[in-house]
Amino acid sequence: MSIDLETAARVAKLARIKVEEDALPALAGEFNTILGFIEQLNEVDVEGVEPMVSVTPMRLKRREDGVTDGNMQDKVLANAPDAREGFFAVPKVVE
Amino acid sequence: MLDLSYETPKPKVIAGAKHDWELVIGLEVHAQVASKAKLFSGASTKFGAEPNSNVAFVDAAMPGMLPVINEFCVEQAVRTGLGLKAQINLKSAFDRKNYFYPDLPQGYQISQLYHPIVGEGEVLVDMEPGIARLVRIERIHIEQDAGKSIHDMDPNMSFVDLNRTGVALMEIVSRPDIRGPEEAAAYVTKLRQILRYLGTCDGNMQNGNLRADVNVSICLPGQYEKYQETGDFSHLGTRCEIKNMNSMRFIQAAIDYEARRQIAIVEAGGTVDQETRLYDPDKGETRSMRSKEEAHDYRYFPDPDLLPLEIEQAWVDEIAASLPELPDAKKARFVTEFGLSEYDASVLTADTANASYFEEVANGTDGKLAANWVINELFGRLKKEDHSIEDSPVSPAQLAGIIKLIQKGDISGKIAKDLFEIVYTEGGDPARIVEDRGMKQVTDTGAIEAAVDEIIAANPAQVEKAKANPKLAGWFVGQVMKATGGKANPKAVNEIVAAKLGQ
Chain B
1 MSIDLETAAR VAKLARIKVE EDALPALAGE FNTILGFIEQ LNEVDVEGVE
51 PMVSVTPMRL KRREDGVTDG NMQDKVLANA PDAREGFFAV PKVVE
Chain G
1 MLDLSYETPK PKVIAGAKHD WELVIGLEVH AQVASKAKLF SGASTKFGAE
51 PNSNVAFVDA AMPGMLPVIN EFCVEQAVRT GLGLKAQINL KSAFDRKNYF
101 YPDLPQGYQI SQLYHPIVGE GEVLVDMEPG IARLVRIERI HIEQDAGKSI
151 HDMDPNMSFV DLNRTGVALM EIVSRPDIRG PEEAAAYVTK LRQILRYLGT
201 CDGNMQNGNL RADVNVSICL PGQYEKYQET GDFSHLGTRC EIKNMNSMRF
251 IQAAIDYEAR RQIAIVEAGG TVDQETRLYD PDKGETRSMR SKEEAHDYRY
301 FPDPDLLPLE IEQAWVDEIA ASLPELPDAK KARFVTEFGL SEYDASVLTA
351 DTANASYFEE VANGTDGKLA ANWVINELFG RLKKEDHSIE DSPVSPAQLA
401 GIIKLIQKGD ISGKIAKDLF EIVYTEGGDP ARIVEDRGMK QVTDTGAIEA
451 AVDEIIAANP AQVEKAKANP KLAGWFVGQV MKATGGKANP KAVNEIVAAK
501 LGQ
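In order, the protein sequence lines correspond to chains B and G.
Using our numbering, the first residue of the first sequence is number 1, and each one after it goes up by one.
Using our numbering, the first residue of the second sequence is number 1, and each one after it goes up by one.
Treat the hints with care, since some could be wrong.
Said to hold, decoys possible - The calculated lysine to any residue pairs, modelled on SDA-like cross-linking and capped at a C-alpha distance of 20 Å, are: (1) G:K243 x G:R196; (2) G:K46 x B:V67; (3) G:K384 x G:V423; (4) B:K75 x G:L66; (5) G:K36 x B:M72; (6) G:K46 x B:G86; (7) G:K491 x G:Q407; (8) G:K408 x G:N363; (9) B:K75 x G:G42; (10) G:K482 x G:N494.
As the list claims (entries may be wrong) - Part of the chain G face toward chain B, derived, beta carbon under 7 Å: (11) A37; (12) G42; (13) E50; (14) D161.
For the record, the hints were derived by calculation from the structure and aren't laboratory data.
Remember, predicted model here, so these are calculated numbers, not experimental data.
Beta carbons: idealized from backbone N, C-alpha and C, even for Gly.
Required output: the full structure, derived from the provided sequences and hints.
Encoded structure:
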């Protein structure tokens with residue numbers, strides 16, 4: 001698989017990262033290097049091997065169903081560029 | 001358990017300008033898990049709190065915060081799966097669904113795309129007595145809800161409340177087994193009923209705790225059967241997805257509109273684009289959500305913050321053992337145990353509160369009579385004042401008391417209605433009220449005879465007429481009832497009047 005400039009621009013847009021036109025070839029090149037490495041990994045025969053999701057045999061940690069957090073509107077909104085009446089205020093997004 | 005056998009309903013047919021068309025519908029229902037805290041944080045799920053007060057730093061996606069799963073939400077999803085007779089997957093996993101929107105601070109939703117916790121199940125959707133559709137469930141997965149954006153508080157800004165962000169949802173995905181707008185609404189109704197029986201979702205559609213995305217396509221008659229034989233979707237039309245509907249009425253209206261829109265396109269020689277659409281209830285139409293199209297590239301990948309979710313069969317068995325009696329089983333039992341019609345049994349099992357009220361009344365009284373009184377008198381009266389069964393001023397014991405008095409022959413059905421009204425408005429023990437207020441039915445034939453004699457003596461002309469025309473005996477019965485204030489036993493009065501008139 002090869003990443004062209006159009007795909008590189010699309011990936012950048014989906015990630016909301018601004019990439020100037022003249023930086024796209026380099027970006028596409030980097031993507032291709034990464035994918036090339038992954039293709040190399042794909043050559044390894046892993047037939048019948050279960051995917052490893054953790055290096056230590058751990059069980060997913062669970063929590064009980066109880067309210068232990070929240071009630072800190074001021075802290076939650078503290079970093080907001082704009083907040084009004086307890087809400088985050090953002091530029092209008094309309095469907 | 002009695003197996004209520006059923007027939008499959010006929011698919012809805014819409015006549016186009018050129019052909020008849022059939023509909024093929026599949027639903028994705030988002031049901032909010034009934035839990036105290038959110039799926040991955042300890043913030044409250046309570047509805048209607050101050051904006052951004054039910055928010056932990058995990059929900060606000062502050063850097064470095066890590067999700068820890070709420071075990072009860074997992075239990076609720078398993079319980080739901082068991083209630084829908086579904087396969088429970090002992091190993092499932094979480095994936096990130098990536099997109100940008102102001103009410104999704106993480107920039108991704110934690111969901112289960114590749115390994116859902118619940119696999120295939122089924123829902124029996126009752127249409128009318130003896131007719132039902134078996135809708136297959138493809139999967140149920142757990143995921144986070146997003147926050148809420150409010151667009152009408154300011155002309156230039158949207159306001160965001162993260163209280164709902166991170167609340168646990170179950171997405172219940174059906175197969176395209178639904179064949180008309182009414183069936184779609186009936187499916188959501190049945191699903192909601194089961195969830196409420198299980199206690200896994202409160203089913204409140206107004207608050208958005210149960211919402212549906214509906215996939216609609218059209219096909220010519222015969223095509224659906226080909227799809228069923230082969231499992232090949234190419235026999236069906238291209239589908240459109242109508243997003244986020246929270247009313248049974250809108251679901252039906254949107255499906256109907258959308259099917260007609262697709263028929264018009266295809267009959268004019270065009271093709272339907274696969275797309276996401278939004279239903280506008282004010283205009284009664286669906287429209288394309290073009291903005292969603294590009295965002296549809298979700299770039300799913302396994303969430304590296306969460307290990308796979310492994311659960312034990314013994315735990316699943318424990319949950320299975322704690323399941324309540326579900327609607328289908330309860331309905332069948334009401335039919336066999338209390339001799340009810342399927343219709344009455346359906347009405348009474350529509351929700352658990354109604355069903356347990358009825359059962360309390362029916363234990364110790366005649367089942368059919370109890371059903372009549374609960375459905376016609378009690379529900380009718382409650383509805384008039386917009387009360388729910390929980391606020392009923394008449395307790396099951398009181399209603400059973402009234403019915404026992406009818407069964408014993410102490411009061412007539414007519415007096416029972418008056419008694420019911422007294423108990424409803426004033427309260428009290430029915431038997432004592434009947435005693436205190438002299439409402440007891442007169443079954444003493446001597447007293448009734450005297451009353452009949454009196455009426456006959458006072459109306460000789462009527463007696464002559466009634467002798468010629470036996471139908472006029474009813475007039476005498478009426479007069480006697482009136483004279484006794486409705487307390488005379490109607491059966492006894494009929495017999496005595498007939499005898500006295502020589503019939």
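#### Entry: Hint status (Cβ of G:D161 to nearest Cβ of chain B, threshold 7 Å)
Since chain B brings a Cβ to about 6 Å from G:D161, closer than 7 Å, the hint holds.
### Query
Between G:K46 and B:V67, is the straight-line Cα distance small enough, at 20 Å or below?
OK: G:K46 and B:V67 at ~10 Å, within 20 Å.
### Message
Need the status of pair G:K408, G:N363: alpha-carbon distance at most 20 Å?
### Response
holds (16 Å)
### Query
Holds or violated: is the Cβ of G:G42 closer than 7 Å to a Cβ in chain B?
Since the shortest Cβ distance to chain B is 3 Å, the answer is holds.
### Interface restraint verdict for G:E50 against chain B (beta-carbon cut-off 7 Å)
This interface hint holds because 6 Å falls under the 7 Å limit.
#### Entry: Pair hint outcome, G:K491 versus G:Q407 [Cα-Cα no greater than 20 Å]
Distance ~14 Å between G:K491 and G:Q407 Cα, so the pair holds.
### Message
Please verify whether B:K75 and G:G42 have alpha carbons no more than 20 Å apart.
### Response
holds (16 Å)
### Task
Would you mind confirming whether the straight-line C-alpha gap from G:K46 to B:G86 stays at or under 20 Å?
holds (17 Å)
### Task
Below or equal to 20 Å on CA atoms is what counts here, so check G:K384 against G:V423.
holds (16 Å)
### Query
Does B:K75 pair with G:L66 here, judged by a C-alpha cut-off of 20 Å?
At roughly 18 Å apart (the allowed maximum being 20 Å), G:L66 and B:K75 satisfy the hint.
### Query
Between G:K482 and G:N494, is the straight-line Cα distance small enough, at 20 Å or below?
holds (14 Å)
### Query
Within 20 Å, alpha carbon to alpha carbon, are G:K243 and G:R196?
This hinted pair is violated, its Cα atoms lying about 23 Å apart.
In terms of the numbered hints stated before, the structure departs from hint 1 and from no other.
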